[in-house]
Each structure stands twice: as C-alpha cells, then as structure tokens.
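Novice: Starting from the known structure of chain A, fit chains B, C and D onto it as the hints suggest.
Protein chains: 4
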Amino acid sequence: MLKVGVIGYGYWGPNIARNFNAIDGVKVEVVCDKNPAALKKVKKINANINTTRDSRDITRSPEIDIVAIVTPVSTHYQLAKDALENGKHVFVEKPFTATISEAERLIDIGSKKKLQIMVDHTFIFTGAVRKIKELVEKNELGEIYYYDSTRVNLGLFQHDVNVVWDLAPHDLSVMDYVMKPKPVAITANGVDHFGRSLENIAYISVYFPNNLIAHFNVNWLSPVKIRTTLIGGAKRMLVWNDLDTDEKIKIYDKGVTVRNREGVYNLLVEYRSGDMWAPRIDHSEALRTELEYFIDCIKKEKSPINDGKAGLRIVKMLEASDKSLKQNGKMIKL
Amino acid sequence: MLKVGVIGYGYWGPNIARNFNAIDGVKVEVVCDKNPAALKKVKKINANINTTRDSRDITRSPEIDIVAIVTPVSTHYQLAKDALENGKHVFVEKPFTATISEAERLIDIGSKKKLQIMVDHTFIFTGAVRKIKELVEKNELGEIYYYDSTRVNLGLFQHDVNVVWDLAPHDLSVMDYVMKPKPVAITANGVDHFGRSLENIAYISVYFPNNLIAHFNVNWLSPVKIRTTLIGGAKRMLVWNDLDTDEKIKIYDKGVTVRNREGVYNLLVEYRSGDMWAPRIDHSEALRTELEYFIDCIKKEKSPINDGKAGLRIVKMLEASDKSLKQNGKMIKL
Amino acid sequence: MLKVGVIGYGYWGPNIARNFNAIDGVKVEVVCDKNPAALKKVKKINANINTTRDSRDITRSPEIDIVAIVTPVSTHYQLAKDALENGKHVFVEKPFTATISEAERLIDIGSKKKLQIMVDHTFIFTGAVRKIKELVEKNELGEIYYYDSTRVNLGLFQHDVNVVWDLAPHDLSVMDYVMKPKPVAITANGVDHFGRSLENIAYISVYFPNNLIAHFNVNWLSPVKIRTTLIGGAKRMLVWNDLDTDEKIKIYDKGVTVRNREGVYNLLVEYRSGDMWAPRIDHSEALRTELEYFIDCIKKEKSPINDGKAGLRIVKMLEASDKSLKQNGKMIKL
Amino acid sequence: MLKVGVIGYGYWGPNIARNFNAIDGVKVEVVCDKNPAALKKVKKINANINTTRDSRDITRSPEIDIVAIVTPVSTHYQLAKDALENGKHVFVEKPFTATISEAERLIDIGSKKKLQIMVDHTFIFTGAVRKIKELVEKNELGEIYYYDSTRVNLGLFQHDVNVVWDLAPHDLSVMDYVMKPKPVAITANGVDHFGRSLENIAYISVYFPNNLIAHFNVNWLSPVKIRTTLIGGAKRMLVWNDLDTDEKIKIYDKGVTVRNREGVYNLLVEYRSGDMWAPRIDHSEALRTELEYFIDCIKKEKSPINDGKAGLRIVKMLEASDKSLKQNGKMIKL
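Line by line, the protein sequences are chains A, B, C and D. Residue numbers in the first sequence follow our numbering, run continuously in steps of one, and reach 334 at the last position. Residue numbers in the second sequence follow our numbering, run continuously in steps of one, and reach 1334 at the last position. Residue numbers in the third sequence follow our numbering, run continuously in steps of one, and reach 2334 at the last position. Residue numbers in the fourth sequence follow our numbering, run continuously in steps of one, and reach 3334 at the last position.
In isolation and in its complexed conformation, chain A is listed as follows:
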C-alpha cells in the first residue's frame, strides 16, 4: 500500500485526493491545510483521512510514501525539498517552482535520492492531447509551421502570480509535450490594469529553429471563454477546441505550396482544401490517468514524462516571459 499525504486542500486538492484514493493499492493517509474549514471538508467526505495544519506532519512522517503539493507556487520549493529530503516521492502542482534555480535544486535532490518527481501537467494526459501527440508522432501534419493558442476567460485573479504563470503553463506544457523541436527564444507583451504589477493580459511568442513559431494569448479579462489551439503543418492543419464536447480535435486536409520562381510576380501558390476529420477522443479523466501513471513510474523506478525536467522547461519559459514583459517585449534567449 502506497500512502499519500496531500498538502493544500483548496480548489484542486480535493481532486488530487479523490483520484489518488481511487487507485488500487494507494491510500490518502493525511491532508494538510492551514484553513480549518478545508480540513472539516476532508473529514465530511472521508472520515478515515487524518488532517493537520502542519505540513511537516506529512513531509516528515515515516508513514508517508508520496507527498502531493497543491499549494501556491511560491511554497512549492520548500515543501518539495522537505519531502524529498525525507525520502518521499513528490507530486507537485504546476508551475513546478517559482524560479529556475529552485527547479534545478529539486531535480538534483530527487536524482540523488532516487525519488520520482511529477509536475501536474494534467493536460498532457487528456484524450485530446494524447491524440495530438499521436498525430504529430505519425507525421500526419508534416513539418509544423506554427502553434497558436488562446486561453482567455473572465478568470480568477491570482494573488501572487500574473496571468502568464496562471494560464500559460497548461499550454506551454502541451506544446513541450507534442512538439519535438526545442524553443530558443521568447518575447512577451502584456499589461496590468489594476496597479498590481502583475499582468492580467499577455501575449507570448516562442521562437524555434527553422521558422517554427508558437504564440500564446492569455487573458483574465475576457467576457467569453476561449480554449483554442491551432497547429499548422505542411501536410495538414489541426484545431483543438477544448470547449467542444464532441469534436475537440479537427484535422483539416488543407495547405499551401509556394514555389518561388524568378521574379516576385512569378510566385506560384497552390492551395489545397480537402476533407475535415474529427477523430474519436478518449474521455477518461486525465487526472486519474496521470496519477495511475505516477504510481506506475514509482513502482518501476522510471522517470515520468512530466518529471522535474519537464517542469523546469516550463519554468524557464515562464521566467523568460517575465523578463521580456519587463522589457517591453525584448527577445529573451532560452
């Protein structure tokens, strides 16, 4: 029986606890939160789970095998460090850490202690993203030209991070997962409307080798919810609309072939516009799939795809984005 301690029982924590508990051979032993009301809720749902307001009752407990950290990002490093140093595997909410150096140190400790770290990039375990990954791997889209994501809504303003750290990790982690090329530079533009020095709207461009470009539009002030990603390839193009219940992914047999001939007016462009196809998507709960995979990784002593290194790659982009924001969109090398 693997025993889990969950630190943080706000919006997402209950889902982590419920899904860990539903796995055979896994048991949530104790939940920690500073808020007594949250702990009451734990007891009401499942009287067999212990509660505490002191995270050390988890990170330092000899009973606990896995620590799930579901707290604000500024606290991730200290809690994860404490857990790793006490021999626990760590599941940590995204973004992994508040700085690159924190991430690097945690990876280092985990590696030395032979403990697994998983960063909760839930989206890469959804049926939609796994299908996109599969299509890209099979080269169904051909060479990728661009990755263009929009994630906007009337969002919950975070107290401690800007909209980039709140929303972009979802999309950056999906991009990191599905695309082979690695990004080389970032620019970001954005504004804060409320005097908090925390942007509530931002536009991020990510440069790759070979003219591949990615773009992320994140906004807490949109009247409508949009969760759409376009991926354009040389052979086919794809639209992922995460709000579409039945047809989340549409693949378009569309494209352009441009032949440059002598002289600009000899440009020959051929347009191709064929069928559209919406593959069936697996609807199983992503978080459940992710946690089962984590347990499997722990048992087999293998590093998950969303390990500390993956978490670090996202944090690098977030840090670069913040630097660029502060310098009015200056390009920051990764």
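Honestly, the hints are just simulated from the structure, not real lab data. Keep in mind the model is a prediction, meaning the values are calculated, not measured. Just to be clear, a hint being listed does not mean it is correct.
Stated by the list, open to error - Chain C side only, calculated, beta carbon under 8 Å to chain D, not exhaustive:
1. Asn2035
2. Asp2192
3. Lys2254
Every residue gets a Cβ at the ideal spot worked out from N, C-alpha and C, and that includes glycine.
Specialist: Frame of chain A, contents of chains B, C and D only:
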C-alpha cells in the same frame, strides 16, 4: 454628374465600379487595367464604360473628376500623385501607401490643391463597426482595457506584401476609428515559411497610454477562418464576430473590480457577470455607404474621416510593425 | 430531523441521496436496491447509510418520513402506494406512473392521508426554465404561438418504455409549467427499428385552444445531441438551448404582424427584427433546489407545483401519445 | 442558339435569367412580368433583352425554344400548358403545379410533344446534396432509419400558399432524390395564427415501408434560421447543416446494435461512437449546374432527373399533407 475613372479591375475593382455607378449623379466613365481579360469583363457587364490599359488616360483626362486606385500598394503613390496633380479627387485602396513619406507627400498635394483623398477603410462603414463606435462614444464599455483581434484563414498569399500589410489594415483602421487614445509604440513577431522574406504569420502588439493594449493575430495559414475582436472595458465587454450573420456584436455585462488592500493576500476581487445583449446591426452594403459619403464629402468640400491622415496613421503602424519584425519584436515608438 | 429512504440506486439515485443528505435537518437513513453492487457503492460513499434489498424495509419502517422512489416506472405505483399507506411522503421519479388510473389512485391516497407527493420534474427547477416562466408570466413574449422542442441524441435504449416515456416527460413538464393554456389533444407519429414494439423515434404534436401548438421531436438514434426549444410569441420569441453553457436563453425582439385586407393579394405583413438579449441564468443545481423546496412543502403542509396532479397531467399526455402512435397519428382528445 | 423566355421577374426570376444567359449557346430573348418596375430592372441589367407584360409573347413566340416559368404556383399549369402546346420546353419553378391532376396533364402533353419539362428542384444540384446522394448510393450509411429535416426562420409569408407549399418542396425533393424507397403515407399537423386558413407552422411525417420515417418541421415564425437535416442509417449517421459554410455535411461513425434476447430485461444494446468526417463539398452554383444540365437534356432528348414526374411526386406529398392538415393529422395514403 461626377465622373469616375477606376484604375485596377482585379478582385476589388469591380465592386468599386459597380457601387460608384449605382450612386445618383455619379458615373464610371473609364476603367483601366493592364490585363485585357479584365477589360473584356468590364465591357460585358456594362458596354457604356470605356476601357484603357494606360492609367494616364484617367489621371490626365479632363473628363474625370474622381480617380479610384485599386491596384497593388506599391503603385498607389505614383498614381495618386498623378491624379491629384491633375486636379482629381482620389479614392485609394488600403493601405494608403507603401511608406510614410509617400503618404505625407500625397496629403500635402491634396491639401494644397483642395482635393479630397479617401482611403478605402471599408470596415468602418459596416453596420457592426458603426455600432461599436456608437457604443464606445456613449461610454457603454467604460474605460477600454484592451482590443484583441484575430483575422486568420487559408489566405491568398500576396506577391508584394506580407500578411501584416494584407490583413492588419482592416483591423488597425477599425481600432483607429473606434478608440480615442492614440498608440505610442508597436512590437511585432512573425515568420515566413517559404523563403520569401514576407511574413505569412504575425502577432502585433500596440501600446497606448494608461495600460491600454491592442493585439492583432494575422495568419495566412489557418485551416479555419476566424474574424473575431474582443474589446474589454471597465464597465462592459464586447465581442465582434464578423462571421456571425445574425449576432455580429455581443455586449457582455461582465467585469472585474480589483481593490488592492494592504498586503498581497488581502486583494479583493469582485466579479460581475450579467446579461448579454446583441444589438440589431444595419446590414446595408458598407462600400456603398462609404462611396456615397465620399461623394458627399467632395460636394461639401469636407475631409472624410478616412482621409489621407487616417491612411497615414495606419501606414505608420505598418511601417513600425515591419521594423519590429526585422528586430525580433523590438518595441518601436510611433 | 426528517429521515429519507431511497429506493433505487442506479443512474439517478445517487444524486437524489447526495442532495437530500446535503440539506440541513434531512438525513438519508437507508438505501434500497436489488443489486448488491449498488449497495456496496452506497457504503463506500457514506458508511453511515443503511442498505437493504427489500423495499419494505423503507416503506414500512417507522423511522422513515420520506420515501424517494428512483426505480423503473412500472414499479412506481406499488412502491408509492405502499409508502403512502404507511404514512410516508413520496418523492417519485418522472414519469409519475405507468397509467392514468395509477396516478389518480396515488393522488387520492396522498390527499386522504395528507401526505405530499412530488414528481421529479427536475427541469422546472433549473435557472433556465425558471427564467422562461418569469418571462412568460410577465408577458414579455406576448400571446404564445408555439412551443417547439427537440431532444435527440444517441440515447440509452430503455428496456421497458419507448423514447416518448423516456425523453418527453422533461419537455412536457416544462411546457406544463411555463404555459397557462391547457392542452386539448395530441397526435404522435413514430417508429421502432428493432422489433421491440417500443418506438425509438417519435414526433408529438400537442394542440391547445386558440391555435397554440406544441411539438416534440424525441429520438434515441441521433448522431448529435440537440436540446433546443423555440417559443414563439406575438411580441417576442425565445430560444432555449440547454447545451449552451453561457447563453442558454436568447430572447429575440422579432415578430410578424399580419393584416388581412380585402382580397388575398392585399395581405399586409410587417416584419420586426430587433435586438437579441440573453439574460443571466442562475446556475445553482436544480435537483438541490427542488429537494429543498420539497422539504419546505412538507414542513408547511402545502402541495408542491410538481405534485401528483402535475405528474398526472404529464402521464395523460404520455398515454394519449401512445394511443396516437398505435393509430398512426390519430388525434387523441385529452 | 437556344432561346429562352422568362415569365416572372420577382425574387428568383433574375437568377434564372442571369444563369441561362451565362451558358454558351443559350440566350435569354425576352422577359415577361406584369410589373413595369421589374421590366425596367431587366433593361438596366441587360439592354439586349426584350420585355413584355403579356406571357403569350413568350409562350406563343416562334423565336422561343424554352419557357422558364417563375411565377406563383397557381399560374404554373396554364402557362406551362400554353408553352408545351406551342412546342416549347418548360422549366418551371417548384412546386410543379397546384394539383396532382394539373401535373399529370402537363406530363402527358410534354410526353406526347416530346418536350422536356424540368421542375426547379435546385437543391438537388448543390454540392451538399450530390454528396449525400453519393454516400447513400455507395451504402455508406447502411439501411436508412430516418430522415429528419428542420427548415425554419422568420419567413416571408406567401399570399397564396401555406408554409408547407413554400418551404417543404425543398426538402421533399431532396428526400425524393436521395432515398430509394418510395413513401406510402403522410400525416401533417399545423396551425395558422392569422386567420388566413394558411398554416404558418407545420409538422409533416412521411411513412415508408420497413419503418423508415421522414419528418419535416417548417415554420415561418422562428426567430432563428435553421436548415438542418439528420439522416440516420444502420451503419453511419449524417448531419447536413446548410448554414455551415465550411462543413455542411458531417458523417458520424455512430450507431446502435440492438439484440433482443429472451425476456425484455435481457435486451443487449451495443453503442458505437467513432470518428466524424466532413467531406469537401463542391461549391459551384447549383442553379447554374441545373440549367446547364437542362440544356444538355434538351439537346440529348433525355428526361432530366427533376422532370415532370419528379415534380408530380412532390405535388402528391403536398396535396396529401394539405388533406391531413385539414383532418388534424389523419394519415393519408399516397
């Protein structure tokens, strides 16, 4: 009777000719195009219109009062200059000119000769944009926080200009029309996938005073057509979907009030989420409205809202965008 | 403390139990199901609830105040009768009973025993339907011309009832709730494709006085899910799309005024096409609202709006529909 | 050169004239309308076309080869008869005639005189319907279970016919074209809200052998425009949304297999839910395709698919529908 000569009879020229001809007291006298097939088409539609392959038959004809220039942007300056110097009013396709200095010189000649220049910013004569203008003027949205536009589709690659010069003038002219504050700086990121040194995807951020930001996503390589603009205000927010036949504009009684209190964890955010309202939009043909207005301006010797100066404001943003593109998103002051 | 016994713990029963239990002063005491696996599930979720496979442990228990019957319709009568005769209030799944006479007998017993009966017409407690009711009451739509509902999807084939008894009660109960006039006749057409003598597709027309008509399209064999109701009034028209998360109800300021003058060719029709308006809808869980209201009715000894009589009105339409189906759409008087 | 005379130049006549004139070897010689303003419009568009207010100048002219009748349905019979008796081929607007007997007599005359009759079932020449036909022919859908069409909007009230005769011919002709089985009976329910004895809302069910059913929802009083047809087959299901610009047809790899075993509770239902596929649709103008085909039929002396007999099949359904409407949905045998 005001007599019009139309130079350029490709995709858009026939619409210009047809709509000028439909106005009482206006007659299209002659059409010029280098392509004999285009001139044949003119004759087939209306045998009473003369045709020529030499633009000087129009710009220098004593018969002609108004010259409509519907040719590639690189030719606008020379044709417009020729027309103005020969005492013709000029209607010119957007973007106005290929450079700021060209635009300034044309404005100068027009002003000295007391001739009207109209730049074909058709969109500002649509029912939808006039409604947005009206709403902003009445302060229905409150202070504007952002203007976020997406104009993407599997687009016709232009031979001589990049996607910014092709698609963004529509949106920049709408923004210029509806928003009172004037932009102060621009950044642009984009790529060319076909070795033409002409970007086919670009992302433009426009900075205004007081943290107002605008963003433009233009793309010739999208499998789907999107024509959506979000305008977020302190009081209300608006979505303009130009592809929606019946409900082009939706106004959301949604917003956020943020009160910063001592200490970051005391942040108080109030969310407001009320009704949505889609006002009835006038469906009359924008181009017809625009040309009738131009005739009216000529008769009353008044400058149109979309005059050379308006055209120049857009060209300034386009030039700045090109500069920024060449410097990886460096901020360019306007 | 009011004590509830729930009979039937399949698809919907767990929701009933969870929502009853969440109400202050109410406690689910025991759950009955024939399937031991269902009872195991009860225990796993809440170890404090007793379980039984014999419904009489509920209907005849001196502990129980309210019996919730969440079983196939063919069993409703016997279980409800047993409960009422033993002095329990009854909450029963829709449709109320399998026949008109069963419904009448239950109403009779309940009335004599001064016990409340509530039929689970959940939809009339949704924010959307309550808003429609409010609009109709305030005469915002003017005289109602028609009520046109489509409820289709790749549906779960029921073993014991046809698609009309499965899907139409939702819409018939909404219609019954929002419309003042009472229906006078019904026609229904439909087919069974699988040799079960149970229609899987049906079209029902309901006639009212004064040319008001209602129509219901129910289908278990649709590749797409549609949940749309149009209500056309003399003053305004309404579209309720229950699958639209944010704009479930749209009210159109549209209409037609027809003036008949002498001679058919003198017909004068005026079309009105104005704004559209989507009011904010309350999103609280309908079932919770419904059950709290039931508890309130029991305490105040008042009959709920969805009492046995309301249930009977729906059963009358269902019976008439079956008669019409068997006679190829013959009109059946109500 | 085949010479065409067009009778009726209201809403649709100009399209007929323009498309006939665009065909090589065909010329519109004369247009007839009772309204002088319509004839002025003819002259303005094409000064070479003669005009007349007397239809006999067309039906009896030795110059004319083809008479196009684009007038109200009550006049079709007399005009077509006159044209056929004078040796003209006839293109006639849908619905073919006002009665079955009129249609039969016209077919008879045409047959004796070896003249072609084409009824303007334009929709069967659209890319979408030709694609549906192709799919059905190739048995891609398997055995058809149902055909369910909705055609509603705030419609132009016709002076002389009800909504069934106005809107249903589109869908009945598509159904007649794509489906092999022939209908055996019809029921129709509907109402008139304006005291005209002409229904403005109607619901039509069409019965076929083997439990195939079709249904048509036609409504002049809808606040929204819907043009959707569902076709459910044993192998696949299809949705045709004629208002969707890019994905008019979607084919769903969805279905149900029902196995009846002994006893109703042993019912075994298997649900299949696979990919969706939207084939590329040809976008050429349907009317142009139709008229070119008519010219081809005339030259090759072959009967078009939408000949008088096809027109008659639709009129039979319309007449039956009217009979059923007058008898409250009584089933009328065809």
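Novice: Each hint needs a verdict: does it hold in this structure or not?
Specialist: For each hint, the structure was consulted:
Given the 8 Å rule on beta carbons, the hint for C/Asn2035 is violated: about 12 Å separates it from the nearest Cβ of chain D. The beta carbon of C/Asp2192 is positioned within 8 Å of a beta carbon in chain D (closest approach about 7 Å), and the interface hint is therefore held. Taking 8 Å as the C-beta cut-off, the interface hint given for C/Lys2254 holds, the closest approach to chain D being about 5 Å.
When each numbered hint is compared with the structure, a violation occurs for hint 1 only.
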